[in-house]
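> Chains E and Y supply the protein sequences, listed in that same order. Everything in the first sequence is counted per the working numbering, starting at 9 for the first residue and increasing by one. Everything in the second sequence is counted per the working numbering, starting at 116 for the first residue and increasing by one.
No lab work stands behind these hints, which were simulated from the structure alone. Incorrect hints may have been included.
Unchecked claim - Cut-off 20 Å, straight-line C-alpha distance, at most; resulting in silico cross-link-like pairs (DMTMM-like, lysine to aspartate or glutamate):
id : chain 1 : residue 1 : chain 2 : residue 2
1  : Y       : Lys303    : E       : Asp12
2  : E       : Lys170    : E       : Asp227
3  : E       : Lys71     : Y       : Glu182
4  : Y       : Lys303    : E       : Glu11
Keep in mind it's a predicted model, so treat the numbers as computed, not measured.
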Amino acid sequence: MSEDRFEELLGPYVLGQLTAEDKHELEHHLEECPRCRDELERVRQTHSLLRELAVSEPPAELKSRTMAQARGETTTRFEVRWKVWVPAAAALLVATILGIGLLQTIIGDSSASVPLNATALAPGASGELRGAKVGENFQVELEVRGLPKLQKGEYYEMWYAKEGGGRISCGAFRTQPEGRTTVHLTAPVNAVSYPKIEVTREPDNGNPGASGKEVLVGDLRNL
Amino acid sequence: MRLHKVDRSTPGTRETFRPIVKGMGDEELVGQVAQGDERALSELYDRYARPVYATGVRLLRDSHLAEDLVQDAFTNVWRGAASFDPKRASFATWLFRLTRNRAVDLNRRRRVRPLSAGEEPLRNVSGGPEPESSVDLWDVAEALSLISAEHREVLNLAYFEGLSQREISQRTGVPLGTVKSRTTAALKRVRQAMEVNAVGEPRRE
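Build the full structure now, drawing on both the sequences and the hints.
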């Protein structure tokens, strides 16, 4: 085997993919060839980084969630291209689902529900919160109707709030022209100590805090 | 339609065709994303979700928050692609900075509530390199995006899909001997790309 050929085998060698015969020949060559030993060291370092990168793989379903979230924003990003806004779509329905994969369970149990009340900022809005405590999580489905149309860059955000201050963001969503959006969010474990539900209207100014513009309010203690 | 064409960069072989998006550079992909092309976003996700996630896990010490970080970061790529200026920084550098900023935001939100059992506070997000640095992973991910599509493919299959050299040969139609030499060549190219890039990219500032 030529030196070049030995060098070509370094990749499969660090991957443990050589036949016993090739491996034996290569290792014998490495004992005698400092240049190939140096090259092996460099290949090994890159191999280790790629291995580390490989084990940093996020859960597979995260990609479809991420793509769905981006897709959900498409209509707002290209809002100017929309020729027709469908106001009559009316039934602005936003289903905010906390707890992925348990939608069926939640829908099946509509007995526990909390009405969401409109504030002066959104007199035409109404909503309902349905949900249950499942293990350490709160699984909640939120339905709202008649929320005001958002300006460019604005979005709605749902919060768990504590009496006397303190909020946990449950995530942000936008209503869409056809009036239907499904947003997947994660519920915090300790939501019970934050019994109030607020939906606020938020400007896109980079400030993660609540704007204080509440459009719907409710109380989980009524659940 | 453009992205549905195939890359025939190696005509005359039995190799399977790969979607042209696989052969695009990062900056070209961002341009496609700015036009609303989901396939381009999907490809950027495949190239960079790992370092974003690793950064989240290391900084936030919470895998759920790290997942939120991945979602946030790529939604921001989708939203902000039109404002990306390749003259100012590479895509990887842009995404790295965006990722760190989003990690700070996520931590700020977390601070409004007590930490859950087993949850640790964010580590060193005020600026500067983090102690257990994830920058090597960013460098290697970017280097992978800089090498040729055929080199990237063989490494993706070997490391991320866990295929043996023989399985790669069967999957791609490339002779086994070529797969072996191409794997070695690809590893060398990655290293070279990292060395060149380390000089030119002050990402760690």
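> Each hint needs a verdict: does it hold in this structure or not?
How the hints compare with the structure:
With a C-alpha separation of about 14 Å, the suggested pair lysine 303 (chain Y) and aspartate 12 (chain E) falls inside the 20 Å cut-off, and the hint holds. With a C-alpha separation of about 10 Å, the suggested pair lysine 170 (chain E) and aspartate 227 (chain E) falls inside the 20 Å cut-off, and the hint holds. About 10 Å separates the Cα atoms of lysine 71 (chain E) and glutamate 182 (chain Y), which keeps this hinted pair within 20 Å; it holds. This hinted pair checks out: lysine 303 (chain Y) and glutamate 11 (chain E) have alpha carbons roughly 16 Å apart, not beyond 20 Å.
In terms of the numbered hints stated before, the structure departs from none.
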